[in-house]
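Peer 1: Using the sequences and the hints given, assemble the complete structure.
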Amino acid sequence: MSENQNLLAEQRRALILDEVRRRGGVRVNELTRKLGVSDMTVRRDLDALARQGVLEKVHGGAVPVVEASTHEPGFEAKSGLEQTAKEDIARAAARLVKPGTAIALSGGTTTYALAHRLLDVPELTVVTNSVRVADVFHTAQRASGRRQGAATVVLTGGVRTPSDSLVGPVADRAIGALHFDLLFLGVHGISVEAGLSTPNLAEAETNRRLVQSARRVVVVADHTKWGVVGLSSFASLDQVDTLVTDPGLPADAREEIREHLRELVVAGEPGEPDAAAES
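With our numbering, the residue at position 55 of the sequence shown is 55, and numbering never jumps.
Quick caveat, the hints were computed from the structure, so don't treat them as lab data. We put the beta carbon where it would ideally sit given N, CA and C, even for glycine. Hints may be right or wrong, so weigh each one.
[Said to hold, decoys possible] Here are the computed distance ranges between Cβ atoms for each label pair:
1) L178 to P99: 16 to 26 Å
2) A48 to A177: 26 to 36 Å
3) G24 to S144: 18 to 28 Å
4) K98 to E30: 43 to 53 Å
[Stated by the list, open to error] Lysine to aspartate or glutamate pairs mimicking DMTMM-like chemistry, simulated, CA-CA at most 20 Å apart:
5) K34 to E19
6) K57 to D47
7) K34 to E10
8) K57 to E19
9) K98 to E256
Peer 2: What follows is the structure, encoded as structure tokens:
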């Protein structure tokens with residue numbers, strides 16, 4: 001029962017956040033009518049979203065938070081956002097991974113979700129600059145014992161960011177000496193003009209090295225990342241092979257993406273449980 005309630009709360013809060021961002025602000029009484037829930041429920045949802053730093057409560061309602069291009073949320077703050085979308089994206093992205101390949105996972109909460117989906121893929125070599133991603137594999141192997149076929153995990157060194165990624169010259173040198181078949185890249189923001197961007201200058205350089213070392217680049221990003229621009233761009237859309245996202249991405253954004261990317265995968269599209277691939 002509690003799991004269903006949590007899922008409903010998550011979906012409701014996602015709808016509230018989309019409404020706030022789309023309209024530039026909403027009132028509590030508008031949300032109660034739209035969602036069919038009580039005033040108290042809406043206020044609790046607004047409190048939860050405000051604690052995550054994604055909106056600001058005002059008298060009688062809420063408005064979006066206008067973030068500076070240098071603002072970098074921590075891992076815990078980001079992990080509570082768009083959880084269902086991230087799980088759908090992780091499930092679809094995992095289908096792209098073949099046994100025995102060398103892959104790289106950048107930092108981020110979506111790549112963290114993906115890591116859990118890869119635990120049973122045999123003979124992987126996983127390069128990552130994410131402490132959280134490395135811990136997923138380490139914890140699983142410690143719990144079950146290192147069995148034959150378990151992933152070999154290479155964790156780069158470097159300086160830790162608020163999102164628990166390792167960046168800087170040490171990470172850059174380690175990544176630059178490697179070559180992997182497939183890179184799964186989480187992003188702070190993605191747009192036609194700015195490409196892929198992050199608020200962290202050191203992370204931007206490390207991400208450039210990841211892109212340069214990969215034969216195929218797959219961006220895993222939910223729809224809220226579209227149109228967001230961080231301080232530093234590290235790749236253009238033309239350098240991305242595939243974007244795996246969720247159905248919340250608007251139709252006009254999908255059209256723009258198709259002009260620049262080889263493949264758009266919409267995970268969890270209604271009526272298409274195995275994910276929809278569009279090109």
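Peer 1: All the hints need checking, so say for each whether the structure fits it.
Peer 2: Verification of the supplied hints:
1. L178 to P99: 16 to 26 Å: With Cβ atoms ~19 Å apart, the hint holds.
2. A48 to A177: 26 to 36 Å: Given about 44 Å between the Cβ atoms, the range is violated.
3. G24 to S144: 18 to 28 Å: violated (50 Å)
4. K98 to E30: 43 to 53 Å: holds (48 Å)
5. K34 to E19: At roughly 10 Å apart (the allowed maximum being 20 Å), E19 and K34 satisfy the hint.
6. K57 to D47: holds (8 Å)
7. K34 to E10: holds (16 Å)
8. K57 to E19: This hinted pair holds, its Cα atoms lying about 14 Å apart.
9. K98 to E256: violated (29 Å)
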